[in-house]
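Colleague: Note that the protein sequences, when read in sequence, are chains S and U.
Take 571 as the starting number for the first sequence in the numbering used here and just add one per residue.
Take 273 as the starting number for the second sequence in the numbering used here and just add one per residue.
It should be emphasised that the hints constitute simulated quantities derived from the structure, not laboratory data.
Every residue gets a Cβ at the ideal spot worked out from N, C-alpha and C, and that includes glycine.
The reader is advised that the hints may include incorrect statements.
[Said to hold, decoys possible] What the simulated footprint calls covered on chain U by chain S, stretch by stretch (three residues with Cβ under 8 Å from a Cβ of chain S suffice, anywhere in the stretch; the number is not a length):
| # | stretch |
| --- | --- |
| 1 | 459 to 468 |
| 2 | 534 to 546 |
| 3 | 677 to 683 |
[What the hints assert, rightly or not] Examples of chain U residues toward chain S, derived with CB under 8 Å:
| # | residue |
| --- | --- |
| 4 | Val611 |
| 5 | Ala616 |
| 6 | Ala618 |
[Said to hold, decoys possible] Sample of chain S residues at the chain U side, in silico, Cβ under 7 Å:
| # | residue |
| --- | --- |
| 7 | Leu627 |
| 8 | Val655 |
| 9 | Leu662 |
| 10 | Tyr674 |
| 11 | Arg683 |
| 12 | Val685 |
| 13 | Ala739 |
| 14 | Pro742 |
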Amino acid sequence: MDGHDKPALEFDGLFKRFGDHVAVDHIDLKVPAGSFFGLVGPNGAGKTTALSMAVGLLRPDGGAVRIFGHDVWADPVAAKALIGVLPDGLALPDRLTGREILRYLGLLRGLPRDVVEQRADELLTVLELDDAETTAVVDYSTGMKKKITLATALLHSPRLLLLDEPFEAVDPVSAATIRKILQDFVAAGGSVIFSSHVMALIERLCDHLAVLAGGKVVASGALDDVRGAQSLDDAFVHIVGGRSDNAKGLSWLASLSRCGPRSRGGRRPARG
Amino acid sequence: MIGTLALVLFVTLLAVGTLLAGVKHYRYDGAGANVVATLCFGWLLGWVTGPLLIGDDSTLRMDYFKLLPIPARKLAYAMLGAAFADVSLAFSLIAFAALIGLGAQSGAAAALTGVAAVLLNLALAVVASQVATAVFGPVISSRRGRDFTAMLLALLITLLSLASSLVPFVAARLTDGHSPALADVVRILPSGWGAVAVDAASRADWGLTAASLGGLAALIAVLVLAWPPLLARRLTMSGRGSRRRARARQHAPHHGHVLPATPLGAVLGRELRLYSRSVLRSMLLMISFLVGVVVAIVLAVSGKMTGLPFSGLMFTLIAAACFTNCYGDDGTSLWLTLVVPGAARADVRGRVWAWFLVVAPAGLLLTLVLTAVSGQTWAWPWVLAAEPALVIGCAGLLALVGAWSVNGPAPDGGPSPARVLKTHLALVAIPVVVLFPAAALLIPGALAHSLLLRWLAVPVAIAWAGFLTWYSTQAAVRRLESHGPEIFTRVRSAAA
Chain S
571 MDGHDKPALE
581 FDGLFKRFGD
591 HVAVDHIDLK
601 VPAGSFFGLV
611 GPNGAGKTTA
621 LSMAVGLLRP
631 DGGAVRIFGH
641 DVWADPVAAK
651 ALIGVLPDGL
661 ALPDRLTGRE
671 ILRYLGLLRG
681 LPRDVVEQRA
691 DELLTVLELD
701 DAETTAVVDY
711 STGMKKKITL
721 ATALLHSPRL
731 LLLDEPFEAV
741 DPVSAATIRK
751 ILQDFVAAGG
761 SVIFSSHVMA
771 LIERLCDHLA
781 VLAGGKVVAS
791 GALDDVRGAQ
801 SLDDAFVHIV
811 GGRSDNAKGL
821 SWLASLSRCG
831 PRSRGGRRPA
841 RG
Chain U
273 MIGTLALVLF
283 VTLLAVGTLL
293 AGVKHYRYDG
303 AGANVVATLC
313 FGWLLGWVTG
323 PLLIGDDSTL
333 RMDYFKLLPI
343 PARKLAYAML
353 GAAFADVSLA
363 FSLIAFAALI
373 GLGAQSGAAA
383 ALTGVAAVLL
393 NLALAVVASQ
403 VATAVFGPVI
413 SSRRGRDFTA
423 MLLALLITLL
433 SLASSLVPFV
443 AARLTDGHSP
453 ALADVVRILP
463 SGWGAVAVDA
473 ASRADWGLTA
483 ASLGGLAALI
493 AVLVLAWPPL
503 LARRLTMSGR
513 GSRRRARARQ
523 HAPHHGHVLP
533 ATPLGAVLGR
543 ELRLYSRSVL
553 RSMLLMISFL
563 VGVVVAIVLA
573 VSGKMTGLPF
583 SGLMFTLIAA
593 ACFTNCYGDD
603 GTSLWLTLVV
613 PGAARADVRG
623 RVWAWFLVVA
633 PAGLLLTLVL
643 TAVSGQTWAW
653 PWVLAAEPAL
663 VIGCAGLLAL
673 VGAWSVNGPA
683 PDGGPSPARV
693 LKTHLALVAI
703 PVVVLFPAAA
713 LLIPGALAHS
723 LLLRWLAVPV
733 AIAWAGFLTW
743 YSTQAAVRRL
753 ESHGPEIFTR
763 VRSAAA
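Generate the whole structure from the sequences, applying the supplied hints.
Modeller: So, in structure tokens, the structure goes:
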């Protein structure tokens, strides 16, 4: 089949600058087809910027993004047909109900009405949104909004899911549901790339990952190769160059009482 | 603080005004009862709708008591009792005292009947207010419900300000005895029963007095009995509607099926729903309607008919100018269109058709009806050239302007100065662009007294508008396809 031997996602010298700030600095990255791929990095590392360029929401200043070999910016129709997207913090037409949004998107993608209805039914049931049938999305909780956005990403059965922080603000029960859906999707041959701050989640779900810092890929590959013998948490701090002595600067924090008004008289509070 | 003082002063003036209306002597027999019945209707309406429109901010919130082990019935009556401890009752007491004033004009017995009517009216006000909150509270606690009540409040305030010019007219009809229908209506409503009782007592018609007061008492009793189950329903129900209703809706036929199962039909369905549900869109439509039509009608009532044929045009033009920021106003939800391959074309065309379907029927109907009613026959070629041209031409033009110039909201969430400026410019530019071929025939036609030239304007205007909307739609599609991410970046940075 078309593009099966190609990487699910490929960044080729991808570059984006906002004014003087280089947000994504010539990234080269290959996400193997069929992989569960984690994108990790500190705040401002360029994860959301890179993912936005990968799905056609932000035009790169240089380089290319390919999805199963199709260039997102030169051949957007072929590339976008293969992906499902869950962005972070973007609006939906929020006066519609969850079902209305799914129905709208399904028909917009050219699916037949009966297929749309059947898939919407299943997605709403599996994601436990069927009790909110008459609720407009504007009245959804943050977790419910994540779930309905995930449903929009899955509706047209894409081959690659690009998810920006899919587990943020999601309750543990819903998170387990989403995990199961994503694991089944990968088991059935789909590919998932998602960004997260939660290392435990990446360790549990992903077989591959890339670490972004300062707009660059500082490490990437199979999970075991990246973390080595240590936990992913430790490996991450090590890779992105976090200084473990950072906290020493706050030595006053443990002895706040010494600065209290009573200490001015020279009397030191009794200590443990 | 000043706002509260002003409100207290305003309500006090209203209450004293009501009281004086009861004390005043009227020439026509029964006019006093008509006036007091009307004013009592206003006060009771305030009690019933006030908490719904302003929001239920009572100090004792129902939710506090959800978890307490108190029998539902006991709690219900305790809550009802607590509702009587309300400062606003003092204002209503002054206002309803108009009933005593009305009775006192005819003697002690009628005045005493007035006292009973005041007490019953006060009880009815509190109980009806509580019941209304219990019935409608869950509905209005959702965002859609709040959107609706915000719209209703805005509409009410605007209509009241416009209707204030009609008050002398209504007052004259009520007091001169020439409009028995109006008087009957205000007396038949429960809010009028107190005034009817006092009026009957003044004529020593004790049967009607007893029936009216008894009716009020019975109504209060029915509401009190209905109250515990209503409260129980509210306490056990979330604001998002009951599950049973959700299930029922799930299998109901979907009205969206009227639209074709195509990408264009999908966008059309989304747009038509947003026109009825988005508070911004409904508000813009309402403003267009009120400014365009109600102003002309108020003028016409006072005899100035010349403007009437053109109020449909005003409505269409304002509705067009208000919707020149379609992509900016919809915010970051544009991402859904951008990640779907080839969706730009359906998105633009769906917006064009939706605006046309929402505005054109109302605009055309208003123009036809108001021109006919006004009797200004000279206006026909003018409005028949201009109105169809506006509804057809603007539909595409809006999408093009919206795709080329994207204004995000201001930091406070309201329209940004640039968006307001664009709306004002559009009010001037749209008629110039859409109507210049029509004007080029209508004006010389009027000067040369040529009927042919004036009627020729109709097909020419429609043909030009058709071309304009076709071309603008194509250009807007190209713009969205080539600059979608840039448009998205603009709305996103405004939203951030």
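Colleague: Each hint: holds or not?
Modeller: A quick look at each hint next to the structure:
{"no.": "1", "hint": "459 to 468", "in the structure": "violated (count 0)"}
{"no.": "2", "hint": "534 to 546", "in the structure": "holds (count 9)"}
{"no.": "3", "hint": "677 to 683", "in the structure": "violated (count 0)"}
{"no.": "4", "hint": "Val611", "in the structure": "5 Å, holds"}
{"no.": "5", "hint": "Ala616", "in the structure": "10 Å, violated"}
{"no.": "6", "hint": "Ala618", "in the structure": "6 Å, holds"}
{"no.": "7", "hint": "Leu627", "in the structure": "6 Å, holds"}
{"no.": "8", "hint": "Val655", "in the structure": "5 Å, holds"}
{"no.": "9", "hint": "Leu662", "in the structure": "6 Å, holds"}
{"no.": "10", "hint": "Tyr674", "in the structure": "5 Å, holds"}
{"no.": "11", "hint": "Arg683", "in the structure": "4 Å, holds"}
{"no.": "12", "hint": "Val685", "in the structure": "10 Å, violated"}
{"no.": "13", "hint": "Ala739", "in the structure": "17 Å, violated"}
{"no.": "14", "hint": "Pro742", "in the structure": "21 Å, violated"}
Consistency note: the structure conflicts with the earlier hints numbered 1, 3, 5, 12, 13, 14.
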